[in-house]
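2 protein chains.
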Amino acid sequence: MTSPLDELKSLAREISLVQSVESLLGWDEQTYMPPAAGEFRAEQMTYLSGLAHQKRTSPRVGELLASLAADAAKEDPHSDFAATIHQMKRDFDKQSKLPQKLVEALTHATVIGQQAWVKARAANDFSQFQPHLEKIFGLKREQAEAVGYVAHPYDALLDDYEPDAKSTEVALVLAELRTELVPLVQAILQSGKKPQVDILAREFPTAAQEAFGRAAAAAIGFDFQRGRLDVTHHPFCSSVGPSDCRITTRYQEKFFNCAFFGILHEAGHGMYDQGLRSDQYGLPPGTYLSLGIHESQSRMWENLVGRSRSFWSHFFPQAKATFPVALSDVSADQFYAAVNHVEPSLIRVEADEATYNLHIIVRFELEQALLSGDLKTADVPGAWREKYKQYLGIEPSTDAEGCLQDIHWSAGLIGYFPTYSLGNLYAAQFFDQARRVLGDLDAQFARGEFRPLLEWLRDNIHTRGRNYTASQLVQLVTGKPLSHESLVRSLRDKLAPLYGI
Amino acid sequence: MTSPLDELKSLAREISLVQSVESLLGWDEQTYMPPAAGEFRAEQMTYLSGLAHQKRTSPRVGELLASLAADAAKEDPHSDFAATIHQMKRDFDKQSKLPQKLVEALTHATVIGQQAWVKARAANDFSQFQPHLEKIFGLKREQAEAVGYVAHPYDALLDDYEPDAKSTEVALVLAELRTELVPLVQAILQSGKKPQVDILAREFPTAAQEAFGRAAAAAIGFDFQRGRLDVTHHPFCSSVGPSDCRITTRYQEKFFNCAFFGILHEAGHGMYDQGLRSDQYGLPPGTYLSLGIHESQSRMWENLVGRSRSFWSHFFPQAKATFPVALSDVSADQFYAAVNHVEPSLIRVEADEATYNLHIIVRFELEQALLSGDLKTADVPGAWREKYKQYLGIEPSTDAEGCLQDIHWSAGLIGYFPTYSLGNLYAAQFFDQARRVLGDLDAQFARGEFRPLLEWLRDNIHTRGRNYTASQLVQLVTGKPLSHESLVRSLRDKLAPLYGI
Chain A
4 MTSPLDELKS
14 LAREISLVQS
24 VESLLGWDEQ
34 TYMPPAAGEF
44 RAEQMTYLSG
54 LAHQKRTSPR
64 VGELLASLAA
74 DAAKEDPHSD
84 FAATIHQMKR
94 DFDKQSKLPQ
104 KLVEALTHAT
114 VIGQQAWVKA
124 RAANDFSQFQ
134 PHLEKIFGLK
144 REQAEAVGYV
154 AHPYDALLDD
164 YEPDAKSTEV
174 ALVLAELRTE
184 LVPLVQAILQ
194 SGKKPQVDIL
204 AREFPTAAQE
214 AFGRAAAAAI
224 GFDFQRGRLD
234 VTHHPFCSSV
244 GPSDCRITTR
254 YQEKFFNCAF
264 FGILHEAGHG
274 MYDQGLRSDQ
284 YGLPPGTYLS
294 LGIHESQSRM
304 WENLVGRSRS
314 FWSHFFPQAK
324 ATFPVALSDV
334 SADQFYAAVN
344 HVEPSLIRVE
354 ADEATYNLHI
364 IVRFELEQAL
374 LSGDLKTADV
384 PGAWREKYKQ
394 YLGIEPSTDA
404 EGCLQDIHWS
414 AGLIGYFPTY
424 SLGNLYAAQF
434 FDQARRVLGD
444 LDAQFARGEF
454 RPLLEWLRDN
464 IHTRGRNYTA
474 SQLVQLVTGK
484 PLSHESLVRS
494 LRDKLAPLYG
504 I
Chain B
4 MTSPLDELKS
14 LAREISLVQS
24 VESLLGWDEQ
34 TYMPPAAGEF
44 RAEQMTYLSG
54 LAHQKRTSPR
64 VGELLASLAA
74 DAAKEDPHSD
84 FAATIHQMKR
94 DFDKQSKLPQ
104 KLVEALTHAT
114 VIGQQAWVKA
124 RAANDFSQFQ
134 PHLEKIFGLK
144 REQAEAVGYV
154 AHPYDALLDD
164 YEPDAKSTEV
174 ALVLAELRTE
184 LVPLVQAILQ
194 SGKKPQVDIL
204 AREFPTAAQE
214 AFGRAAAAAI
224 GFDFQRGRLD
234 VTHHPFCSSV
244 GPSDCRITTR
254 YQEKFFNCAF
264 FGILHEAGHG
274 MYDQGLRSDQ
284 YGLPPGTYLS
294 LGIHESQSRM
304 WENLVGRSRS
314 FWSHFFPQAK
324 ATFPVALSDV
334 SADQFYAAVN
344 HVEPSLIRVE
354 ADEATYNLHI
364 IVRFELEQAL
374 LSGDLKTADV
384 PGAWREKYKQ
394 YLGIEPSTDA
404 EGCLQDIHWS
414 AGLIGYFPTY
424 SLGNLYAAQF
434 FDQARRVLGD
444 LDAQFARGEF
454 RPLLEWLRDN
464 IHTRGRNYTA
474 SQLVQLVTGK
484 PLSHESLVRS
494 LRDKLAPLYG
504 I
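Same order as they appear, the protein sequences are chains A and B.
For the first sequence, the numbering used here puts the final residue at 504, and the numbers step up evenly by one.
For the second sequence, the numbering used here puts the final residue at 504, and the numbers step up evenly by one.
The hints are simulated quantities; they were obtained by calculation from the structure and are not laboratory data.
Do not rely on the hints blindly, as some may be mistaken.
If several chains are the same, the list does not tell them apart, and a pair holds so long as it fits within one copy or across any two.
As the list claims (entries may be wrong) - As a list, the in silico BS3-like pairs of lysine-lysine whose alpha-carbon atoms are at most 30 Å apart:
1) K12 / K58
2) K12 / K104
3) K197 / K12
4) K58 / K104
5) K92 / K196
Small disclaimer: the values here were computed from a predicted structure and weren't measured.
Please construct the entire structure, taking both the sequences and the accompanying hints into account.
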């Protein structure tokens, strides 16, 4: 006789098999799929996602969860068993609350919405996209009502990406961050110092960039026996199984940062996936906690490690040997200053470490106002320009480099943006704690030792899966609730000497 | 209301979606999958093949087929409708006759059998493999009994790869082929002439080989918008959808033939898949007819086109420009003679166009004798050596280069080998007919025109799917039943002048 728990686990395993196959199809679509194969690929993926949805919401899953609820309630809520039942029930209940018609309407509106967005952005014409934005926000409001919420409908959407997070709390910490960042960025702008950023725009041959990026990813701990690196237009990290994590990047011959820091970023995501418990694959204890926690891993390796002076103490001699033409007359200090340059810009994905969060705050504030109805979709371009002027001191002259720049809203990803900033905040607070525990991290990095940090992340974050909420994890790991302080201090400590402020 | 036919088609479409996803997983496993991901990949593939089998043999498919049988019987048997019902019923009945226990036992025995074969071949120790061979042939005998046959159990197995073929007929045509080939190969061996084959073993840089092979594949008609070319240890062609055909090859820096003729061969397979009717994808009218017919397409492009004098009239100047170091002192005639060199050898996959079929005949005769019980598995090594001596005039000194060289038997692919030779026979007979219909094919090839031949193949073979049996198709296209004559004449016409015989 199979026990109810074993049957539940086996159903979860089946769902995860289907989802892992979907991941491979998605990865292949971006990397190697022949140009004409897109239509059939959509059919394959629609079939698999329907199959996964059907299995996820099957009545048998509900029955098994109900039969195990009483036993789970007796256990430590952070045990594998209790977390498995709690999180699966949470997902099942949420999925089951969504009427099939709404799911279909959302799928349709976002497929059409993305196509309209591509055209509107190319034509730099917000009016083409506005009716779709209206439609999508309307459906997302319906989704929030269907799923339910306590304080604000935004919470119901945010929950898809950052489970258990509440928008009032996120708003508070982001407002505090904004209050600190705006004057910091102003001070940098007014400082007379500017690093020699043109050294990053010299000739960096693609093959050399790839070799260097690959070596750095392996050095910090990305396991190429259980993963790979490919080229895509939009970089990402996707796991196709417990030992199959695939990251991608893109190369610009005349800009060093794009591929290199992109690789560190995706490798950070990948090392989280590679650190999940493979014996719990497809179950909550073997699943990443939230997008914010995922982003904390990518941002930590990209910025807190990869843009540190000690990291380049170790890697700059190798960089010089790899790119002798570009870097022969450059010192490690000059290079370090250049990769940390701060300058307000219009495009989020190209933003530096300090201004990046201001881009996110603009979006977070706008989508809350759109969802509540305080802001009309027709007024988005104006509101966007105003906030950019207020927070970043610059404003876009076109909507293409303004409110049309991101795919998220057209794809129905409302409530997703704040997870990027949450990731930065978590990263800084975790990293502070790691420094406290692991001794002189900078001395380790300068010797090329990244294993202690990775193992600390494995023990404290990766192997804890979804057995805690993100707030619980932050409290457990760092001894205090999430705050803007670590991130602000980390930025100030780095940028003040560089800009003499 | 969905009509029974529409419901059946939609079930077939679903099955083909699952199978296409399986194909992608198989392709990825050979090309890009990280080394450590194999175990989970096996789990993904097992799940999908189970799902496909379950859908293929679902009672609903049987009911729908039964309800449509009477209508189908009234139609032209080669119409899409009649062929759909007939072939789906044929597959359904066969699949349903196989007891689940036997399917599982075969899967298990062949997974274990392949592992044992790898070890036995590496250790050059047939005795390690012999119990597995015994087990597998025993289970295949059970399979033949379960499926049923009229004359010989071998027919039941052959039918999996070459539907409707009968082993007595295949044996007859292969015996006639053997009778002609053995003295032809003898005469070549005794001729004093030998082409300068060392020119093919000069330095052919991989990147140049890839560019040249890719250009040739595109020139003969492989559509890279709907396909791609990658590197694998064992080359293959796999279709992941109606517009997604993937071929692979491997490069040897010091041997021209391996990659180049491999690419033409796989491109020939690929062009068949690309020529199938995409509106009938997953249904018999949009499916390849048999492995023999598939092989006829690969062999035609590889040998009858790709090893012709006229092909090299067009391509040799390009080859010379691509490989200036290797080919500067070589003439087109020398090159043509070298790529057509005939010499008995021990390894099937390295065999030339004339001796290749003798390798197949050895295997076909041995597996018939094994199945009937006339040959004991323990006696395979001796029987193998004897037949090689008799047909090819040479014999292996080790079993690794003898009866352990092929994966097929360990994988349970009994009855598969003859499809290779059937492919050569079909190819030559089709090609003779194409010459008759299309005028001076050689003049066309010399001008780099391959489109007329491809279009003729599209019209006469590819778009006919499974609406005919292979014998019917041969009769329909060439006006006569399959015979050894075209192939023997083609070989003699080419080889007699080259070897002065």
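Exercise. Using 30 Å as the alpha-carbon threshold, which applies to K12 and K58: within, between, both, or neither?
Worked result: both (13 Å within a copy, 24 Å between copies)
For this session: Pop the pair K92 and K196 into one bin, within, between, both or neither, using alpha-carbon distances up to 30 Å.
Result: This pair counts as neither: shortest intra-copy Cα distance 55 Å, inter-copy 79 Å.
Problem set entry | Status of K104 relative to K12 across identical chains (alpha carbons, at most 30 Å) | Both, since 29 Å and 26 Å are each at most 30 Å.
For this session: Indicate which option fits the pair K58, K104 if close means a Cα-Cα distance not exceeding 30 Å: within, between, both or neither.
Result: both (18 Å within a copy, 27 Å between copies)
Problem set entry | Alpha-carbon proximity between K197 and K12, which holds within one copy, between copies, both or neither at 30 Å | neither (56 Å within a copy, 67 Å between copies)
Hint check: violations occur at hints 3 and 5; the rest are consistent with the structure.
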